[in-house]
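Trainee: Next come the chains, spelled out residue by residue.
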Amino acid sequence: MQTSDEVKKILTRIISEALGTVNMAVYTWKDGIPISYVAPSQSEAEFMSVAVAAAVGALESLSDVLSSKVKRIDIELENKEHILISTFDGSILALNTAPKPNLGLIHLILRKYEKQIKEKGGIGLAGNP
Amino acid sequence: MALRLLATPFSELLPLILSIFSAILAIVLPLYIYKYFKGKLKGLTKIEETIKALEESLNKKYEELSSKYDEKKFEDLTKRTTGIEEELKDIKIRINTLDNELKKLRKPLFPLQVEEEVKEVEVDTLQQMQAYYPFIKYIAIITSQGFTVETLGNAVIEPEKLLEIVKLSNMFTGSREITLEKKDEVLYIFYIDSLEDLDIYGILLAEKPMNIKSLGVVKKVLQNYFRKKELTG
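Residue numbers (my numbering), protein chains in the order written: chain C, 489 to 617; chain E, 3 to 235.
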């Protein structure tokens, strides 16, 4: 089975376990190229990948100042939706939620599948300098 | 003669005086002893006579009784007494059993403050849990971040604030559970599980009368419910 298929299975599990509070799940390299996604359309997934990669890149510039890497980001949108981002060495997992989501449940699910998705999807070139 | 006696020194007369005195004592002392014991002996003979009379009357009574005593009748009597004793034992046992049955049937005239034993059950939803334990007014599962994972009922205080109490308690006492009681409610906050950097806590708000033992059972049910969901991998 291809890596992207295995990752897609995990993303589907994330969405189903979140009980309808996660609309879109994307696993992407840090350069913005998606590895796998579960989204309403390919274009939305690709936009999401690029935007998330840019946001993580911008925040990682702070890591030298803060002497710590960025691990997770929670972005709240005006419409009460959230974008939860989990970063690995060379890859990113991003979840776009429904408005006013159950953040407790989503954070638990995120932590539950972080390790699995990292193992299946790899960590990208940045993980092997 | 009298003058001669007066003229003799006292040292020469002393043996003579002593011999006369001892002769008188030898005659008088036995007479006195005889007189003293004669009176006592008379009393002794009287006692002896009364003892003899008593012995005779006892013998007579013994003879009368032995003539009336029938060995068979005595055996029957002993058998009957043992039979009565056994019947008494049976009656006592029956009284105890009836008393116990009566206690079971007897209903209190007013609601007792004694609680019924709460049993552990397996539940699929929090609604089911509240149906099994109607004294629980509020249930919450919350992460250490302060986000609620699942809730049921209306919270009196925001769960995030309650979580702060447990965190403070953990800092000072090392305990990951805390019970707060007020007049008619008990609030129980406890640790359920951990997932990476997240700790998961449970919150129960119960009506009184409610003891900690019953809350402990509900706590286990909530822990099992959460683990069943397999959210922590």
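Honestly, the hints are just simulated from the structure, not real lab data. Take the hints with a grain of salt, since some may be wrong.
Stated by the list, open to error - Subject to a maximum C-alpha distance of 25 Å in a straight line, what follows is the list of computed DMTMM-like cross-link-like pairs (lysine to aspartate or glutamate):
{"id": "1", "chain 1": "C", "residue 1": "K600", "chain 2": "E", "residue 2": "D195"}
{"id": "2", "chain 1": "C", "residue 1": "K603", "chain 2": "E", "residue 2": "E232"}
{"id": "3", "chain 1": "C", "residue 1": "K606", "chain 2": "E", "residue 2": "E232"}
{"id": "4", "chain 1": "C", "residue 1": "K603", "chain 2": "E", "residue 2": "D201"}
{"id": "5", "chain 1": "C", "residue 1": "K603", "chain 2": "E", "residue 2": "E152"}
{"id": "6", "chain 1": "C", "residue 1": "K559", "chain 2": "E", "residue 2": "E122"}
{"id": "7", "chain 1": "E", "residue 1": "K222", "chain 2": "C", "residue 2": "E505"}
{"id": "8", "chain 1": "C", "residue 1": "K557", "chain 2": "E", "residue 2": "D199"}
{"id": "9", "chain 1": "E", "residue 1": "K169", "chain 2": "E", "residue 2": "D126"}
Trainee: Against this structure, judge whether each hint is valid.
Mentor: For each hint, the structure was consulted:
1. C:K600 to E:D195: Answer holds: C:K600 to E:D195 is near 13 Å, not above 25 Å.
2. C:K603 to E:E232: Roughly 15 Å separates the two Cα atoms, so the pair holds.
3. C:K606 to E:E232: Given pair C:K606, E:E232 holds - Cα atoms ~20 Å apart, limit 25 Å.
4. C:K603 to E:D201: Holds, at roughly 17 Å.
5. C:K603 to E:E152: Distance of about 24 Å is within 25 Å: holds.
6. C:K559 to E:E122: Given that 25 Å is the threshold and the Cα spacing comes to 40 Å, the pair is violated.
7. E:K222 to C:E505: Holds, because 23 Å separates the two Cα atoms, which is no more than 25 Å.
8. C:K557 to E:D199: Roughly 16 Å separates the two Cα atoms, so the pair holds.
9. E:K169 to E:D126: violated (29 Å)
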